[in-house]
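6 protein chains.
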Amino acid sequence: MAHFQTYKLFGGSANPALAKAIAEYLNMPLVDCTIKKFTDGEVFVQGHENVRGADVFVLQPTCPPVNDNLMELLITIDGLKRASAERITAVVPYYGYARQEKKDAPREPITARLVADLIEVAGAHRVITMDLHAGAIQGFFNIPIDHMTSLGMFCDYLKQTDLTDCIVVAPDTGRAKAAEKMASLLELPMAVIHKHRPRQQEVEVTHIAGDLRGKRPLVFEDIVSTGKTLGYGVDAMLAAGALPDIRIAVTHALFTSDAIQRLDRPEISQIIITDTVPLPPDKQIDRITTLSVAPLMAEAIRRVHEGESLSELFSLVR
Amino acid sequence: MAHFQTYKLFGGSANPALAKAIAEYLNMPLVDCTIKKFTDGEVFVQGHENVRGADVFVLQPTCPPVNDNLMELLITIDGLKRASAERITAVVPYYGYARQEKKDAPREPITARLVADLIEVAGAHRVITMDLHAGAIQGFFNIPIDHMTSLGMFCDYLKQTDLTDCIVVAPDTGRAKAAEKMASLLELPMAVIHKHRPRQQEVEVTHIAGDLRGKRPLVFEDIVSTGKTLGYGVDAMLAAGALPDIRIAVTHALFTSDAIQRLDRPEISQIIITDTVPLPPDKQIDRITTLSVAPLMAEAIRRVHEGESLSELFSLVR
Amino acid sequence: MAHFQTYKLFGGSANPALAKAIAEYLNMPLVDCTIKKFTDGEVFVQGHENVRGADVFVLQPTCPPVNDNLMELLITIDGLKRASAERITAVVPYYGYARQEKKDAPREPITARLVADLIEVAGAHRVITMDLHAGAIQGFFNIPIDHMTSLGMFCDYLKQTDLTDCIVVAPDTGRAKAAEKMASLLELPMAVIHKHRPRQQEVEVTHIAGDLRGKRPLVFEDIVSTGKTLGYGVDAMLAAGALPDIRIAVTHALFTSDAIQRLDRPEISQIIITDTVPLPPDKQIDRITTLSVAPLMAEAIRRVHEGESLSELFSLVR
Amino acid sequence: MAHFQTYKLFGGSANPALAKAIAEYLNMPLVDCTIKKFTDGEVFVQGHENVRGADVFVLQPTCPPVNDNLMELLITIDGLKRASAERITAVVPYYGYARQEKKDAPREPITARLVADLIEVAGAHRVITMDLHAGAIQGFFNIPIDHMTSLGMFCDYLKQTDLTDCIVVAPDTGRAKAAEKMASLLELPMAVIHKHRPRQQEVEVTHIAGDLRGKRPLVFEDIVSTGKTLGYGVDAMLAAGALPDIRIAVTHALFTSDAIQRLDRPEISQIIITDTVPLPPDKQIDRITTLSVAPLMAEAIRRVHEGESLSELFSLVR
Amino acid sequence: MAHFQTYKLFGGSANPALAKAIAEYLNMPLVDCTIKKFTDGEVFVQGHENVRGADVFVLQPTCPPVNDNLMELLITIDGLKRASAERITAVVPYYGYARQEKKDAPREPITARLVADLIEVAGAHRVITMDLHAGAIQGFFNIPIDHMTSLGMFCDYLKQTDLTDCIVVAPDTGRAKAAEKMASLLELPMAVIHKHRPRQQEVEVTHIAGDLRGKRPLVFEDIVSTGKTLGYGVDAMLAAGALPDIRIAVTHALFTSDAIQRLDRPEISQIIITDTVPLPPDKQIDRITTLSVAPLMAEAIRRVHEGESLSELFSLVR
Amino acid sequence: MAHFQTYKLFGGSANPALAKAIAEYLNMPLVDCTIKKFTDGEVFVQGHENVRGADVFVLQPTCPPVNDNLMELLITIDGLKRASAERITAVVPYYGYARQEKKDAPREPITARLVADLIEVAGAHRVITMDLHAGAIQGFFNIPIDHMTSLGMFCDYLKQTDLTDCIVVAPDTGRAKAAEKMASLLELPMAVIHKHRPRQQEVEVTHIAGDLRGKRPLVFEDIVSTGKTLGYGVDAMLAAGALPDIRIAVTHALFTSDAIQRLDRPEISQIIITDTVPLPPDKQIDRITTLSVAPLMAEAIRRVHEGESLSELFSLVR
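Chains as they are written, first to last, in the numbering used here: chain R, 41 to 358; chain G, 41 to 358; chain H, 41 to 358; chain W, 41 to 358; chain L, 41 to 358; chain C, 41 to 358.
Please keep in mind that the hints were generated in silico from the structure rather than gathered at the bench.
One should not assume that every hint holds.
[Said to hold, decoys possible] Stretch by stretch, here's where chain R covers chain G in the computed footprint (C-beta under 8 Å, at least three residues):
#, region
1, 135-143
2, 224-233
[To be verified] Distance condition first, Cα-Cα at most 25 Å in a straight line; then the derived DMTMM-like pairs of lysine to aspartate or glutamate:
#, chain 1, residue 1, chain 2, residue 2
3, G, K235, R, E352
4, L, K77, R, E148
5, W, K217, W, D251
6, H, K217, W, D275
7, C, K217, L, D275
8, R, K199, R, E307
9, H, K235, W, D251
10, L, K76, R, E307
11, W, K268, W, E227
12, C, K60, C, E348
13, C, K323, C, D298
14, H, K217, W, D212
15, C, K235, L, D196
16, H, K235, W, D202
17, C, K76, W, E242
18, G, K235, R, D202
19, C, K199, L, D144
20, W, K235, H, D212
21, W, K76, C, E244
22, L, K323, L, E307
23, C, K76, C, E89
24, H, K76, G, E242
25, L, K217, C, E244
26, W, K199, H, D144
27, H, K268, H, D285
28, R, K217, G, D212
29, R, K77, L, D322
30, H, K217, W, E242
31, L, K76, L, E160
C-beta: ideal position from N, C-alpha, C; glycine also.
Using the sequences and the hints, build the whole thing.
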């Protein structure tokens, strides 16, 4: 947009590889800055370029270590605000704490809202994010938020593979709507994994609504941490007669704890993830295929800056 | 709580019968007030009792006419604030605009968040509501919100009926989680209705994940307006082999347009609703059984006022 | 102003004819959008054009049905805000609820302030309005407000008519200041209608300060709803010796209920109104002359967009 | 109200005599505090009593020197807020800058709104004031405001005098409504002074709507500064045939500049004022009768503290 | 204060020993709660006791790991707010990020202000803290803050020791004011360590203003992280002729990195610290004496709850 | 910056000479405006040029009469906001009330924060100021603040003089850091004046840390009001053996009361001040040398408007 002096991309320390990829796509350098952590854990951020009047984008997914990454984001925004940046956009491909988006029991916090307030109070003018755990998190913000989705990317990729006998399986009832969208786009049937805790029993039992016999499941999950739930789901699908050729698509692959050990099993033929969150080399097993969100995020940034519509970036889906 | 001069219940014009029932349960009169609508449609509200220092509860579901009821609520709150009420609680058993809780397409509003902001800016200190269309709407508020549920009421009622061969059916994928809860509480299997729009075709096709053959469906829906979607669901269930003995539980029975005509069919053996929204006499067909939320709402009001925990009011569910 | 991508005019559903007239004056199309009302009365608004970086003007007087029109305005603003419009101006030629601008009795709301807060919290950056019932309503906003007046238009029109023996009559004491301005501009004498409720009597008595004998009254009123007060005023003027050649100028002609019946009498020779509020065809009696505010509002919009001064638009008056 | 530790009255430096009178009426001491002005004009306020949990009332009309008195009020509130007062009520019998309550010309401030924001941002929880220049100033606040009136006091006083041949005269069109109220309460006729600037002439001409011949005028004005306008009004009334027995009631008698010289003339038989603003001894001429607002303000404070209704304090009027 | 249902103490995970000590002093249990950290680092906090209407104190210094401890504090506050706690006080004996309280260079954040905003936006109503790095940080809050000091504790302790030939030494110019206070209380002389970077040289040189020959230095520092600066100070004091009998008082002993190694030297005869920050057992060397702030913090909490003055808790100092 | 219509400079009434000098440096006229003070002390400000879309700078130090100057600043900002200025920068070379920046005793206000809030709530978008009494005052604002310093100017001037045997002396411990900066820049030694109130004595005793024997002191003070403290400091320096050739640099020379008499003594060889605050002719004694901040402030204004970095304006210092 003509009225900004310029536009600039700040790459936080949470996902340097993605920052670099976006900067390359946009053919612009990352802002020269110092990000340091003192011995007491305090984070300090200082840019070395004038940002007065600039349209600044700060790339920082709030993946683990989530609190450090979040505070770094807030501190960066505060510094930019005080340095007179004209507009500050927090680009948060993975939005941590998204699963704390409602009170499921008394005296629980709604941390996903708290985080939205923190980002606003720090001084962000807008947010770009992707595949929020719940779409309503958009409403936690009063500033504009561009909510991208990886669904199109995953479907484009899957359509180039053999989809014979495939069925989309929602890994839990909360994901049934997402599964429906994928099933509709791929023109496949769907099933839903659900749970039930029988009276006087401690253990939850995993069931499936829908017929998996002789089918090759496609599971679409937004966030995978330890992979424990997904593991039970795989067992249940196999027990329900699914073929041992399960493919799992995951937007935000946190893969904490022993997630890799749990998912590195022969019945899972492929794990397709994105790079919203960095995956350390020792977790990059053969079974994993990574699709980069860099082109999508870069294009979103460019369009936001230029004032162009983002609609066509995800016109297929939603 | 000792520090309030007193507590008072304001009954708005949206659901006078429920207001009366709650007042009776609490054994207290409704506040004497004038609520009038001028010929130009402007609403005017004035209380005739001193409310200084009082803990005031305003009962006003924002059911149709939603804009009039919402504005009346906001105006009432403004008047109470300026009249020095110590604490104002908006008791909104049905929260209108809840289905506009996220952007599903570009340039859509998030009216459910807007409404939350309107209620806060008018001066409410807290909200009591029930069965929000999406739990995350709780996070649209920065003031405390007590989110009641009718699930327990419905299950208590259903448990006293014959549940043989019953199956809980989610009327769409967005309700799969609610269906899972009901199925778990009633120890029944479940199925999920989902939709699919085939390529180059205009009409959506309704499918079902799960086996309904020879089953008696129990459908749990939060809001029913025209009943059109529900009608298609009934057709699909019957086509999938369900017995023509379908029971439908609905928290917020708006039943607009020709909903009654659509639902008054022999395959639907019973429609169980609550009174969060008033149902005009001409819509109270035989098939409908109404469970009152008055005791639950009244008890919530009493506990909020007394500072007692509400947890046990819905300890079973959520 | 150079820094906006463009400027756009949204025509709400409250006064489509005025929106069209303004668009024509500005020689620009109205934004293509969907405004619908569901069967439950919920309003939904969605634009079909990119508004990122745009300077958007939303024309929506909050005339009857005031609550629906107001909510539509708020929802439109919310949608524009979330769609990243750069600046949103609410163009509200008639500002509903303006007569609730102060507490006249205990426990009354100040709805005119509430409405200002609602418009601000929804996300408007500025307001253009006309002939507010009380000038101080400007101070209810913290955002800039351009307060236009129809006084100049009315005087220009009246000056071209025969003003012999005319006298400006304030229809009540609250309008004395406006009458003084008109009298001063037209160089005419003035009188003031006032009321008095004698002790132990129920009925208010209407008096007049000033001498109407043999005079032709010109009454300038900002808002007329039912016309009841105006009717009593006409009776009083006639009783005080005024000629049966009364002309009435009304900015906001709501003409609710049986206003037309009350005003369609031979002693009222002319009713001059504006089109800030749409008048249905069946109320457009011969006695009524309509002056359009479209050129004035359009010019105000253009100047606000271009950053030009609005002073000369109303340099004569105020 | 039971939940405050106690209630306390802070007497600012603007009107110590009124503070003392209110404290005496309430039979409580003023809070021991230091109010000092440094040589550079900075104001410093520090209380010497614990105010934690207290319900504190700060008496400070913002009369001349208005900026010093206003800043002292704001600083006092800030100090009380940081000292953990539970509730802070600004008692501002005279609200300075009230005549800047709307934009009458381009680029004017609305200082009366600004002042409301300053009081709110400093930390006041509520306001008690009297005879605001425009009732709508109540709506400039989002905190509760108790708007007292001196009208009842003045009428009670006047009713004990000879009202034969009296007429209430509004000193300008902006005061016509107030005059109407007084005329109605005293069952007297009324007239309105208005102005007119003839074409190509520099000087405004003062006219009167209503018949003053042989009448004894009663003028009710809210604020008198230099008395210049009032002086012209007196001339006009006499010229219109009024008897040289004019009585003037003024709520806020600022009497700046040579106001006293202007008003100390034989045709003005009495000037009845209140003590919302202190009148220096050298201005207390014989013609002046002072009615004290102390009982009214004290009773308002007591009732606000006790949570009692204030309605009956001004049930007659408004 | 009578109007709270009760008062409760939440002990966060940052300093459990101090929480326990305060609870013991107050003779009340800590609130039963769950504080957990998921494998992805997200913090979750849930209380297991009803807090409606309660006056809740959350003890959580924001010491290392500062971001985790800060987020835990914010999440706890959010949960309490939503659980309808009547008043929430953040008890933060050590306020992390306090050294980022102003911009010393372009484009620096002011993180100490950011943190204040985060605490306010989360929902805290007040703060209790101790020995802020800069007193003006109090002004970063708009909520009341009780700023305790350890100076009295340290002086009381030191007065019981031999102060012959002692001199108070400010470890840098920023601490000169604190040193002056201690010197004044102990009636000792003082000196100030300052730095200087000579032209064209890289290394800063440490100087001392004041005469240390034959003196036993007492150094009073608020925060010690790595101890590097302090180490240079010790060298400079010895070089300036001070006796090798240096005592160091530190309020917030972070002692990160190899601080202990740096400070465990024979010329430092004693390190007196407080327990605002937990010191791991392996860092508790013999040279260290710990004074507990538990009685002071507990008494502050009690008085805040009871509405008593805190003045006398630190009347000696400041 | 391209996107502003234009930029404009408003010169308030506090320091017209400085405003004129800045305008000349920028080669632009001051905005034509009316600033008047009514007889009751109310301030009124109205611009006579269109400011829509403009980038407006308001020069107004809040020097004595501080409350009048501050209110004028706030009113000017309010008027500009309502007149649709695009960006409003308060240029406040001297920030009054800066010495009330923390609570030093119970129940004190933090007026420096209050003032920041007043400026923000009035509608300023940014602030330019100089030599704040405490750097942390920057953090009192949430809007960007450019904090200039006169240190470089003073050092440039001093370097051109004879610095033989000079020593920088901090006039109190709160100024030790500033003295350290000046000493470092001038490569001089330093000393610190401190105070001590011996037990059971009323009078404070002034001491000096550092050796002044045979030295020529350079004192750097930010604000001098009555000069009383400085006078004691001069006595103490002389008593400590300093040569009677003391030079004093003062950024904000308020010189109230009999400051001039106190400082006009032979041992003070020079007083170097700036023109942030106007000095009346009768106080401009020979001993005083004035350095103008006009070039620095003008350059800051220009760079803020152009979006250029301000870093190099004070790269040497801080």
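Notebook entry, point to check: Do the alpha carbons of K323/L and E307/L lie within 25 Å of each other, as the hint requires?
Noted result: Status holds; Cα separation ~18 Å.
Next item on the list: With a C-beta cutoff of 8 Å, work out whether three or more residues of the region 135-143 of chain G approach chain R closely enough for the coverage to hold.
Entry: Satisfied; 3 residues make the cut.
Next item on the list: Please work out if K235/H and D251/W have their alpha carbons no farther apart than 25 Å.
Entry: holds (16 Å)
Note to self: With the threshold set at 25 Å, check whether the alpha-carbon distance from K76/C to E242/W stays at or below it.
What the structure shows: holds (21 Å)
Check: If you draw a straight line from the CA of K199/R to the CA of E307/R, is it 25 Å or shorter?
Finding: holds (21 Å)
Item checked: Given pair status - D212/H, K235/W, alpha carbons within 25 Å -> holds (18 Å)
Margin query: Hinted pair, alpha-carbon criterion (25 Å max): K268/W, E227/W. Please report holds or violated.
Written below: violated (29 Å)
Check: Is K268/H close enough to D285/H, meaning Cα to Cα at most 25 Å?
Finding: holds (19 Å)
Notebook entry, point to check: Given the proposed pairing of K217/H with D212/W, does the C-alpha separation stay at or below 25 Å?
Noted result: This hinted pair holds, its Cα atoms lying about 8 Å apart.
Next item on the list: Sort out whether D144/L lies within 25 Å of K199/C, counting only the CA atoms.
Entry: Measuring from Cα to Cα gives roughly 24 Å; hence the hint holds.
Check: CA of K235/G to CA of D202/R, is that 25 Å or under?
Finding: holds (23 Å)
Next item on the list: Starting from K235/C, check that the Cα of D196/L is at most 25 Å away, please.
Entry: holds (21 Å)
Of the numbered hints stated above, those contradicted by the structure are hints 10, 11, listed in ascending order.
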